[in-house]
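Using the sequences and the hints given, assemble the complete structure.
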Amino acid sequence: MTYRTLLGALAGAVLLGTFAANANAAEFMVVDDTIPASLTGKAGDPAAGKKTAINKKKGNCLACHVMPIPEEQFHGNIGPNLGEVGNTMSAAEMRIRLADPKLINPGTIMPAFLKPGTTRVLKKFEGKAILTPQEVEDVIAYLLTLKGDLPQ
Amino acid sequence: MRYKQIMMTAAGFLGIAIIVAACAQRGIPTGGDLKSGYFYSMPETQAMQWDTEANDWADFDNPGFIWVDQGAEQWDTINGEEGKSCAECHGEASSMAGVSTTYPKYNAEDGKLRALQDQITDCLVNRMKAEITKDWKWEGDLMLGMTAFVKLQSRGMPINVAIDGDAAPFYEEGKTFYNTRRGALDMSCANCHVDYPGSWARADLISNGLPNGYPTFRLKWQKFGSLHRRISGCNKNIRAEPYGRGSDEYTNLELYLASRANGVASEAPGVRR
Numbered sequence: 001m002t003y004r005t006l007l008g009a010l011a012g013a014v015l016l017g018t019f020a021a022n023a024n025a026a027e028f029m030v031v032d033d034t035i036p037a038s039l040t041g042k043a044g045d046p047a048a049g050k051k052t053a054i055n056k057k058k059g060n061c062l063a064c065h066v067m068p069i070p071e072e073q074f075h076g077n078i079g080p081n082l083g084e085v086g087n088t089m090s091a092a093e094m095r096i097r098l099a100d101p102k103l104i105n106p107g108t109i110m111p112a113f114l115k116p117g118t119t120r121v122l123k124k125f126e127g128k129a130i131l132t133p134q135e136v137e138d139v140i141a142y143l144l145t146l147k148g149d150l151p152q
Numbered sequence: 001m002r003y004k005q006i007m008m009t010a011a012g013f014l015g016i017a018i019i020v021a022a023c024a025q026r027g028i029p030t031g032g033d034l035k036s037g038y039f040y041s042m043p044e045t046q047a048m049q050w051d052t053e054a055n056d057w058a059d060f061d062n063p064g065f066i067w068v069d070q071g072a073e074q075w076d077t078i079n080g081e082e083g084k085s086c087a088e089c090h091g092e093a094s095s096m097a098g099v100s101t102t103y104p105k106y107n108a109e110d111g112k113l114r115a116l117q118d119q120i121t122d123c124l125v126n127r128m129k130a131e132i133t134k135d136w137k138w139e140g141d142l143m144l145g146m147t148a149f150v151k152l153q154s155r156g157m158p159i160n161v162a163i164d165g166d167a168a169p170f171y172e173e174g175k176t177f178y179n180t181r182r183g184a185l186d187m188s189c190a191n192c193h194v195d196y197p198g199s200w201a202r203a204d205l206i207s208n209g210l211p212n213g214y215p216t217f218r219l220k221w222q223k224f225g226s227l228h229r230r231i232s233g234c235n236k237n238i239r240a241e242p243y244g245r246g247s248d249e250y251t252n253l254e255l256y257l258a259s260r261a262n263g264v265a266s267e268a269p270g271v272r273r
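In order, the protein sequences belong to chains A and B. Numbered by the working numbering, the letters in the first sequence go through residues 1 to 152 in order. Numbered by the working numbering, the letters in the second sequence go through residues 1 to 273 in order.
These are computed hints drawn from the structure, not numbers from a lab. Be aware that one or more of the hints could be misleading.
[As the list claims (entries may be wrong)] DSS-like cross-link-like pairs, simulated, lysine-lysine; straight-line CA separation at most 30 Å: (1) K102/A - K175/B; (2) K223/B - K57/A; (3) K115/A - K58/A; (4) K128/A - K51/A; (5) K175/B - K35/B; (6) K137/B - K124/A; (7) K57/A - K236/B; (8) K236/B - K56/A; (9) K124/A - K220/B; (10) K236/B - K128/A; (11) K175/B - K115/A; (12) K223/B - K56/A; (13) K147/A - K56/A; (14) K175/B - K137/B; (15) K102/A - K57/A; (16) K58/A - K236/B; (17) K123/A - K175/B; (18) K124/A - K236/B; (19) K223/B - K124/A; (20) K220/B - K58/A; (21) K175/B - K124/A; (22) K175/B - K223/B; (23) K220/B - K57/A; (24) K123/A - K220/B; (25) K51/A - K236/B; (26) K223/B - K123/A; (27) K123/A - K236/B; (28) K137/B - K123/A; (29) K236/B - K102/A; (30) K57/A - K147/A; (31) K175/B - K112/B; (32) K236/B - K115/A; (33) K134/B - K123/A; (34) K112/B - K134/B.
[Claimed, not checked] Here are some chain B residues pointing at chain A (derived, C-beta under 7 Å): (35) R182; (36) G183; (37) A184; (38) L185; (39) N191; (40) S199.
Note that CB positions come from ideal geometry on N, CA and C, so glycine has one too.
Quick look at the structure:
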């Protein structure tokens, strides 16, 4: 049984996200509003994840979230404070939140980090997701370390 | 006796009413449902536009007046093959009071929506037979200056654009643009300016995204610039391909922004971060 027919058999609770024509093509399975399986099979690196979260050209999470990164000035407050997100969310919940948050909240402002935009995307970003699957795994590994015990 | 008491009470109320009215007049003119970008600016930036102590516009501190003064000079300058100045047909600039608050406006002659810049260009080209030099292009110094000089005649007056009748289809286009997600970050204008005014996007306090202060002197640009330039910046920030300044798309969008600002006082020339 191929991957696709397996998915067909599981239709309903399971949905396949594939983004073809994407340099960072990501393929993931959604189960009950989560993505349980690692996107790469390789453990995430929290230190790399922190850098990706800060990088304005990559995660740029500080545009919208307060995080325990006092060395960076001016944290946004469009989204919730992520200082304790490691206590309140599982990796599977974080993964869908980062890959394509519109799957759980269609109206959200938070960008989908693994789904390229489709409307008037600047040429140099056409067909490209903001992050690679491994960068998302790294960010998740970093978020899991945020337990509310770090200075903000 | 009784009569006197009533009169005194009435006089008291009248006094309070006058004080309330006077207080309401302190500060930059306001109005409308939404708040001008001025109120989302830092005090240092606000002070370049409005002098709270003098309770008046801070025109000496507003660098936009370098451009406005050039516009004022052009008003009386003969330009083009017809040998005319704006003043020869329109008289004192004060005759323009209230005009800009109705722009963008539908023009029956060509069936198009005109931004104020389009109307000025029309007078230059068709009524003055003047050449549109680089300075008179959309983002040129003379066009920015003249646009702001004409708008200055309406400063403090409420924005008052029509969105019904012939303007309706243009308004609908602008509204659709405003609510369409675009760019690599896949966001609409509404995602920020409707959903999160008052929140911080890093060091920027998000406003209602109103057009009433434009053309504006933007500290980041260190220059006077048009509303379409600002919108183009908001497009590029979400990694979306911008449209041209003066394009139909941005003029329709300008009408939608202006409709959100209906009732809000015109502030051009503004100052923003």
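Structure-based check of each hint:
no.: 1; hint: K102/A - K175/B; in the structure: holds, 22 Å
no.: 2; hint: K223/B - K57/A; in the structure: holds, 26 Å
no.: 3; hint: K115/A - K58/A; in the structure: holds, 13 Å
no.: 4; hint: K128/A - K51/A; in the structure: holds, 20 Å
no.: 5; hint: K175/B - K35/B; in the structure: holds, 19 Å
no.: 6; hint: K137/B - K124/A; in the structure: holds, 28 Å
no.: 7; hint: K57/A - K236/B; in the structure: holds, 13 Å
no.: 8; hint: K236/B - K56/A; in the structure: holds, 14 Å
no.: 9; hint: K124/A - K220/B; in the structure: holds, 24 Å
no.: 10; hint: K236/B - K128/A; in the structure: holds, 16 Å
no.: 11; hint: K175/B - K115/A; in the structure: holds, 26 Å
no.: 12; hint: K223/B - K56/A; in the structure: holds, 25 Å
no.: 13; hint: K147/A - K56/A; in the structure: holds, 24 Å
no.: 14; hint: K175/B - K137/B; in the structure: holds, 26 Å
no.: 15; hint: K102/A - K57/A; in the structure: holds, 21 Å
no.: 16; hint: K58/A - K236/B; in the structure: holds, 15 Å
no.: 17; hint: K123/A - K175/B; in the structure: holds, 25 Å
no.: 18; hint: K124/A - K236/B; in the structure: holds, 12 Å
no.: 19; hint: K223/B - K124/A; in the structure: holds, 28 Å
no.: 20; hint: K220/B - K58/A; in the structure: holds, 23 Å
no.: 21; hint: K175/B - K124/A; in the structure: holds, 27 Å
no.: 22; hint: K175/B - K223/B; in the structure: holds, 29 Å
no.: 23; hint: K220/B - K57/A; in the structure: holds, 20 Å
no.: 24; hint: K123/A - K220/B; in the structure: holds, 25 Å
no.: 25; hint: K51/A - K236/B; in the structure: holds, 23 Å
no.: 26; hint: K223/B - K123/A; in the structure: holds, 28 Å
no.: 27; hint: K123/A - K236/B; in the structure: holds, 11 Å
no.: 28; hint: K137/B - K123/A; in the structure: holds, 26 Å
no.: 29; hint: K236/B - K102/A; in the structure: holds, 22 Å
no.: 30; hint: K57/A - K147/A; in the structure: holds, 26 Å
no.: 31; hint: K175/B - K112/B; in the structure: holds, 17 Å
no.: 32; hint: K236/B - K115/A; in the structure: holds, 18 Å
no.: 33; hint: K134/B - K123/A; in the structure: holds, 28 Å
no.: 34; hint: K112/B - K134/B; in the structure: holds, 24 Å
no.: 35; hint: R182; in the structure: holds, 4 Å
no.: 36; hint: G183; in the structure: holds, 5 Å
no.: 37; hint: A184; in the structure: holds, 4 Å
no.: 38; hint: L185; in the structure: holds, 5 Å
no.: 39; hint: N191; in the structure: holds, 4 Å
no.: 40; hint: S199; in the structure: holds, 5 Å
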